[in-house]
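Asker: Take the given structure of chain S and dock chain Y to it, following the hints.
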Amino acid sequence: MKHLSEYRDFDATKKYLDEIHKITTREWNIMEICGGQTHSLVKNGILELLPEKVRMIHGPGCPVCVTPLNLIDKAIELLEKGVIVCSFGDMIRVPGSKKSLLEAKAVGGDLRILYSPLEAVSIAKENPDKEVVFFAVGFETTAPANALSVLHAEKEGLNNYTILASHVLVPPAMEAILDDKLCTIDAFLAAGHVCAIMGMQEYYPLVEKYKIPMVVTGFEPLDLVQGIYMAVKQLEEGIYKLENQYSRVVKEHGNEAAIAVIQKVFEVGAREWRGIGEIPNSGYVIKEAYRKYDAEAKFNISHIKVPENPNCIAGEILRGIKKPNQCDQFGKACKPANPLGAPMVSSEGACAAYYHFSTHLTA
Amino acid sequence: MENSGFETINLGHGSGGELTRNLLDKVIFNTFSNPFLDQKHDGAIVEINSKIAISTDSFVITPIFFKGGNIGELAVNGTVNDVAMCGAIPKYLSLAFIIEEGLKMEEFEKIVASVKKAADKSGVLIITGDTKVVERGKGDKIFINTTGFGQVHPKANISVHNIKAGDKILVNGNIAQHGMAIMSEREGLEFESDLVSDTTNLNFLVKDLLDAFGEKIKLFRDPTRGGLGTVLHEIANDISKGVFVKESAIPLEKQVAAACEMLGLDPMYVANEGVFLVVVDPSIEVEALALMRNHEKGKNASLIGEFTNAHPNKVVMESLIGGKRIVSPLVGEQLPRIC
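For the protein sequence lines, the chains are S and Y, in the order given. Here the numbering used here is used: the first residue of the first sequence is 1, the next is one more, and so on. Here the numbering used here is used: the first residue of the second sequence is 1001, the next is one more, and so on.
The following block holds chain S by itself, in its conformation from the complex:
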């Protein structure tokens, strides 16, 4: 794991920071798409090392944050029906309309925290008389593993495994943000790991259509300052193009095997984004051929719909219109231990990142 030292090197990072300071002449708003990037920017204290004129706007790329509230209620409903619900860790503390998955577990729900959906398939195999559901949320990054779990279940002939899917896609969200009248974003750092799967092809048309610089960027401190430098340099030169800072991981055409697995199980369809609303063609839905692995179809839970907490401005946070510390509830009524909305829960959520790490916090 060389990246633990090489890409966190003081001198190498400082070289790019100095360059950013040198070339910046105007105010620029740069949005980092991915929550992992937000987390790293704040955790490593990069925001305060940037020139004041370079403002980072935190994007919607936190899977936990954009998963609609009613989906959490659906997962809880399944738990209460006696289904074994398997989930990634940071989903379980997100408040539903009445409680979180963690609270539903405390009163007897069989909730399993996993690192991989394939483990859920094993659980289904070991518990043939129980229903097992994997809570399949995430961006393009987690879609291949979730799709693969369906293919494994099919191969094993399992009839007790389904997924509760809420997969969302980055490019349509970027368009929705750019089409917003209040949008002030001058450049994007595209999400490195999403592009590692999907490649770069989808982004060229966006760069052309919106005439906006875009840099595919990684997650280590050196990745981020280099990505920011590349974006500022384009902005200062008045050009716009798609660049790849994260070339050690991201290839032009992505991971073709992973894409094939996604396309076998999923097709593109409309998806609801928490705090943003429904965006057409912005997510994956399970193809008709695999409908028997769709938990929503199997358990009759599609009717569950719940409103958001009106005091939570997650939508504005996710679209980069407001910063977490500009929210009246931030650090007061809304804290990680008692979150009003999802961005305060996930470690990738902008609000939680600000709460945990930011020295700007006055509370």
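Keep in mind that the hints were calculated from the coordinates and are not lab data.
Cut-off 27 Å, straight-line C-alpha distance, at most; resulting in silico cross-link-like pairs (DSSO-like, lysine-lysine):
{"#": "1", "chain 1": "S", "residue 1": "322", "chain 2": "Y", "residue 2": "1314"}
{"#": "2", "chain 1": "S", "residue 1": "211", "chain 2": "S", "residue 2": "322"}
{"#": "3", "chain 1": "Y", "residue 1": "1314", "chain 2": "S", "residue 2": "335"}
{"#": "4", "chain 1": "S", "residue 1": "14", "chain 2": "Y", "residue 2": "1254"}
{"#": "5", "chain 1": "S", "residue 1": "209", "chain 2": "S", "residue 2": "251"}
{"#": "6", "chain 1": "S", "residue 1": "211", "chain 2": "S", "residue 2": "22"}
Answerer: Here is chain Y on its own, set in the frame of chain S:
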């Protein structure tokens, strides 16, 4: 330890009757025999002619056997260390088991043997105890509670309120090792590694520090659950001072760092067992660090930071690349991230 004649623990072993007596005689009293325990009273009668420090802790770890130890030695070291952190010399321990029926006798005996070994290593006697058995499903194999009693060191004046701005913070060694060793063996998370728990007794190093520096030592604290980050935050808040630490000075073994990275966990919040921090007067920072580094339990000791009036109640960490961030307390359990 004699053969108890049983392959598994059953409810009868906690009934208070013949089976209980059999278990106690053959496994417990035999192993821990000492003048206090051998009286077989309902409790122990001891004489301590000084201020005493008392600490109690319950141990509920899963799995009960892990690389680098088991729940038995953890139950001794954990309480021995808590007593030591009060600036005391641990002398006696109580030992109480809550066992789930069906636990293999062999496993129970192994745990008892580890308790004995750890107690001998730290120089403490087991002087009283209890054994209960609960029905299957009502426990998690075995829970252990220990209470420790220690003589407060005559030169010790340990109090969080003695800390002043400028006081230095030292740690005795690599952080996050215990938590990651346990994590590597948790069901569903198994990953191959050579990580072993750092569980150990810290009382002799604590005594050496107090012998040498007395009141110049302001505080000992072992960051077990919640990790170093949470403990630093607690201290800062208790005394309304700030803490400033440098990430580059915090000792972290490469494999532990890699495991944390892989699972998306922050080592600052991962549990430790053989780690403690010492707050010292700045006049002895060099000597105290040297003493620790010369001790078997402090080879990787490091000066990680200091107290300050600059940002009361906050722990600020300078990152490897020179940025600053707040270290906030852990909320609930650290949860693995999605991607």
